[in-house]
Amino acid sequence: MYFLGIDIGSLSCDAVLIDEAKNVVSSSVVPTGVRNLEAIARVTKDVLEQSGISEGDIAAIISTGYGRTRVENRDGAVTEITCHAKGIQEVIPGTRVLIDIGGQDSKAIHIGENGNVLDFAMNDKCAAGTGRFLEAMARALEVDILDLGDLDRGAESDLVLSSMCTVFAESEVVSLIANGTEQREIARGMNRAIASRTFSLVKRVAREIDGLTISMSGGVALNSGVVRALRESLKTDTIHIPEKPDTIGALGAALIARERKA
Amino acid sequence: MMYDYFSSIVTGITAKLEQDPQGIHARKRYALAVATLGRRLYSGDARIAWCGVTAPFDLLNSMGVTSCFVEFVGAMLASTETAELFMQGAEDAGYAADSCAYHRAVTGAMLKSAMPVPDFIIGTSSPCTAGLAVMENMAKQYNRDLFVVNVPQSESPDAVRFLARQIEEMAGFVGDHTGQALSRNRLGEALELTNEATVLIKEIYGLAKQKPSPVDSRFLNNFGVVITLFMGTREGVDICRGFRDELRHRVATNAMDASQERIRLMWVQNRIQFPFPLESMLAEYGAKIVVDELNDVTWEPMDPDNPFESIARRILSIPFSRNADARVTHLQTLAREYQIDGAINPCHWGCRQGTGLRGIISNGLKEIGVPVLNLEIDCVDSRNLAEGQIHTRFEAFTEMIQG
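Protein chains in written order, with the working numbering: chain U, 11 to 272; chain S, 14 to 416.
Don't take each hint at face value.
[What the hints assert, rightly or not] Straight-line alpha carbon distances no greater than 20 Å define the calculated SDA-like cross-link-like pairs of lysine to any residue that follow:
hint : chain 1 : residue 1 : chain 2 : residue 2
1    : S       : Lys-379   : U       : Met-11
2    : U       : Lys-271   : S       : Gly-416
3    : S       : Lys-379   : U       : Gly-164
4    : S       : Lys-153   : S       : Glu-97
5    : U       : Lys-271   : U       : Met-11
Think of the hints as simulated: they come from the structure by calculation, not from any bench.
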């Protein structure tokens with residue numbers, strides 16, 4: 011028996027297939043695009059082809075993410091907050107604070123000793139500090155988004171982007187470039203701005219974070235520059251990043267599918 | 014336009030009630046009273062006072078003044094989905110788009126001459142000074158006299174005396190503008206009616222506390238704050254009796270569906286005023302609002318022999334008139350009495366009371382084991398609210414509560 015979790019985010023659609031022993035059998039990440047049904051079909055096809063199992067072998071499907079109700083053959087839909095908390099506990103047990111920065115939202119989740127969600131906070135008013143924000147910044151800096159993470163290496167200034175409105179921040183970056191500010195300093199300023207915003211979310215859910223295991227999921231966890239800035243901001247040596255941070259929501263959904271079928 | 018609108022509502026509800034004259038229909042009768050008040054405000058015949066939320070409406074009713082707090086207009090425009098036009102008007106005139114939308118809508122309505130011109134204005138420094146600023150603008154716009162009631166943040170004897178003296182002066186101000194001095198007899202009768210209504214309100218809240226609660230998420234929506242407009246009148250007593258009777262009936266007929274009450278919630282401050290599927294959204298997750306922060310009686314019965322001091326004590330007892338600790342203590346008390354599982358704080362945009370105390374309220378409720386969902390939404394300006402995002406937060410919150 012196998013269990014499938016599908017996370018339909020604003021930027022990427024992810025699927026994770028696990029077996030009864032909770033082993034990840036296969037996973038897939040594709041851009042969601044404008045037709046999320048196609049993305050859902052594609053990740054489902056991917057995980058089946060990779061694993062060599064048939065659709066009939068899947069005992070339960072749980073969907074999550076903003077497009078969770080779009081998965082027609084789901085057995086249930088669970089929010090990304092619960093799924094990310096569940097998924098991270100599996101790969102980094104003992105996580106008590108999870109930072110998840112996805113395509114259009116960022117969240118901090120306080121997790122109890124038993125793995126339950128104790129509290130959560132999300133960005134409400136805009137998508138600043140999320141994957142969409144980074145996409146805009148990469149465009150303004152004329153670099154590939156995958157290269158953004160290492161762009162701040164060697165930067166030392168205290169520059170912080172003053173505006174966190176994605177559009178205004180993009181304008182600010184253009185102005186900084188025009189003024190001759192080095193690309194790496196701008197990248198650092200951008201990462202520090204994201205870290206500052208994320209720090210507030212973390213403090214809203216967990217006033218004291220000393221000694222707590224902090225982990226990060228979501229596609230932005232792959233950006234080493236943001237992670238470094240977050241470590242500085244949270245005054246912690248370690249933020250645990252799972253091997254595939256962008257599939258943690260889907261993994262959590264698959265685990266919930268397994269629990270519900272038990 | 015507005016007079017016709019309220020008239021059509023009055024006609025529609027009246028026709029529906031006539032189909033079942035013996036039915037209780039508390040919410041419909043309440044809506045009828047509110048629409049009738051709206052019609053009277055826009056009739057051009059009534060003597061009108063625009064007021065702050067904590068103004069003594071029973072005193073004003075006893076003096077024959079049709080009075081209403083301005084936020085009522087903001088809420089009403091939002092509920093009829095016409096607020097955007099007026100808020101845009103206010104923004105076009107330079108009012109900040111992230112200021113309180115209740116007041117932005119009222120300001121826009123005033124600028125577009127969609128507000129009834131008052132005979133005079135009574136501002137109150139509680140619960141918010143933004144409302145007071147609207148009053149000041151209104152006084153200038155309409156060239157009308159403004160009386161400001163300064164509400165101290167204390168219940169000390171000095172504070173009571175200070176406020177009681179202002180209420181008495183306010184009665185003189187009203188008398189000067191209406192040409193009819195306050196009648197102590199009429200005021201006494203009005204306060205007796207207030208007491209009669211208050212006894213019923215206490216019973217309503219007592220019934221709502223039951224587990225399962227006979228209220229659904231919508232039943233007492235806006236009740237506590239709007240019913241103040243009818244204090245001191247027989248109509249107010251009748252409205253309250255209707256609500257009480259309907260809840261008694263629900264309890265007697267075992268009409269409460271316990272399966273719909275897996276999660277009991279408290280709503281902090283104001284509800285969302287524009288059409289929004291809040292109740293059905295919550296019901297999807299077996300959750301319902303059993304108590305609103307604004308639905309409570311925090312004062313002692315009015316003393317008709319000592320009216321100004323009584324009114325002063327009532328105003329000062331309202332947690333919004335006091336400091337953060339008082340508000341948190343009040344919320345904790347409600348949380349315990351109603352045995353709630355969680356609280357939702359909308360943190361209305363641009364509101365000092367709504368956003369300023371967010372952290373303190375959260376921590377205060379968490380201290381007694383009540384989780385809080387803090388939103389950052391606009392309760393009046395639907396342009397600032399994304400339904401999908403709210404859906405996810407409600408769903409995640411209920412998942413969290415259910416473990």
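Numbered hints the structure breaks, given as an ascending list: 1, 3, 4
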